[in-house]
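Residue 93 in the UniProt record's numbering sits at position 93 of the sequence shown, with consecutive numbering throughout.
By construction, these hints were calculated from the structure, which means they are not laboratory data.
Please read these numbers as outputs of a predicted model, since none were measured by experiment.
C-beta: ideal position from N, C-alpha, C; glycine also.
Some hints here could point you the wrong way.
[Claimed, not checked] Restricting the straight-line Cα-Cα distance to at most 35 Å, the calculated cross-link-like pairs of lysine-lysine (DSBU-like) are:
#, residue 1, residue 2
1, K221, K87
2, K206, K71
3, K133, K87
4, K147, K25
5, K206, K96
6, K171, K219
7, K33, K147
8, K147, K93
9, K190, K200
10, K25, K87
11, K33, K55
12, K133, K171
13, K200, K219
14, K11, K219
15, K221, K108
[Said to hold, decoys possible] Beta-carbon label-pair distances, calculated as ranges:
#, residue 1, residue 2, range
16, D135, K208, 23 to 29 Å
17, P68, L172, 36 to 42 Å
18, K93, K171, 42 to 48 Å
19, D5, L172, 21 to 27 Å
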Amino acid sequence: MSKEDWYRNTKWNDQIESEFEARLKRSRGNYHKAQYLRIQASYLLDSDIKTLQEKGIEFMERVISDYPEEKSSTIFGNEQLGEYYLKNNSYNKAEKHFRIVVEHYYSKNRSGTTGLADLKLCQVILESEQSEKYDDAYEIATVRFDKTGGDLMMNSDKFYYADLMANLCHKLDRKQEASEFAISALELSKITEPQFNRHKTVGLIKAKSEQLKRLEIIKEKKSLVTTTAINNSGLGAKLKNIFKK
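Kindly generate the complete structure, drawing on both the sequences and the hints.
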């Protein structure tokens with residue numbers, strides 16, 4: 001076992017757990033303990049085996065409860081739990097964890113996270129069909145995203161945003177905006193070249209056929225109104241420019 005493998009186990013049993021706990025106990029300082037525990041939790045959450053996922057949840061919750069002062073680990077841990085629960089359609093739990101991260105964005109910054117937890121929160125609201133929260137989700141993904149330093153560097157993130165906003169605006173009957181976001185998403189989906197020469201897969205867009213079909217439908221449902229909030233506001237111009245970089 002290499003120096004770092006002890007907190008990157010992809011298999012798990014009583015012996016591995018005993019050795020892990022012993023080395024964790026010997027680790028220096030809460031900063032490193034929280035970090036090692038979160039990393040191990042991440043590997044277990046990524047497993048296809050349910051019992052290992054449950055152990056990953058247990059460990060991630062330990063990070064949050066046992067090391068509350070280690071914000072870099074607890075905030076990212078909350079985001080990872082949110083991702084896990086979203087993936088498994090446990091929307092209430094996903095929303096709970098994403099909201100903790102979003103509050104951190106608003107009171108502090110996005111450092112130490114993917115920077116997308118607020119958009120994932122909007123996805124949770126949309127997928128769980130909480131229509132009473134759609135207006136709030138729109139504000140989170142536009143005004144608040146902009147004011148709190150939200151940024152989309154990767155083409156895959158730009159596509160994710162455009163797809164999310166196309167669907168959200170469609171639900172809100174903002175037809176013109178929905179169509180414009182759908183067009184942006186469809187254009188982005190045509191990009192097949194790597195974004196970075198040294199990292200061929202980073203930022204690659206992996207659009208599903210059903211996503212593209214849905215976007216094509218939304219694209220055609222334009223409003224007769226030609227001037228909308230997104231066309232007239234400085235924020236709208238900035239959001240449009242995201243997809244032109």
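Problem set entry | Hint consistency between K206 and K96 [alpha-carbon to alpha-carbon, up to 35 Å] | 28 Å, holds
For this session: Quickly compare the C-alpha distance for K11 and K219 to 35 Å and report which way the hint goes.
Result: Distance of about 46 Å is beyond 35 Å: violated.
For this session: Verify the proposed pairing of K147 with K93, using a straight-line Cα cut of 35 Å.
Result: Holds: K147 and K93 sit about 26 Å apart, inside 35 Å.
Problem set entry | Restraint status (C-alpha distance of K221 to K87 at most 35 Å) | 29 Å, holds
Exercise. Given the hint that K33 pairs with K55, does the C-alpha gap stay at or below 35 Å?
Worked result: 17 Å, holds
Problem set entry | Cβ distance range 36 to 42 Å for P68 and L172, holds or violated | 37 Å, holds
Exercise. Given the hinted pair K190 and K200, is their alpha-carbon gap at most 35 Å?
Worked result: 16 Å, holds
Exercise. Given the hinted pair K133 and K87, is their alpha-carbon gap at most 35 Å?
Worked result: 20 Å, holds
For this session: For the pair supplied as a hint, K147 and K25, confirm whether the alpha-carbon distance does not exceed 35 Å.
Result: 41 Å, violated
Exercise. CA of K25 to CA of K87, is that 35 Å or under?
Worked result: 32 Å, holds
For this session: Hint says 42 to 48 Å; check whether the CB-CB distance for K93 and K171 agrees.
Result: 23 Å, violated
For this session: Check the following: the C-beta atoms of D135 and K208 are separated by a distance inside 23 to 29 Å.
Result: 27 Å, holds
Hints 4, 14, 15, 18 and 19 from the earlier list are contradicted by this structure; the remaining hints agree with it.
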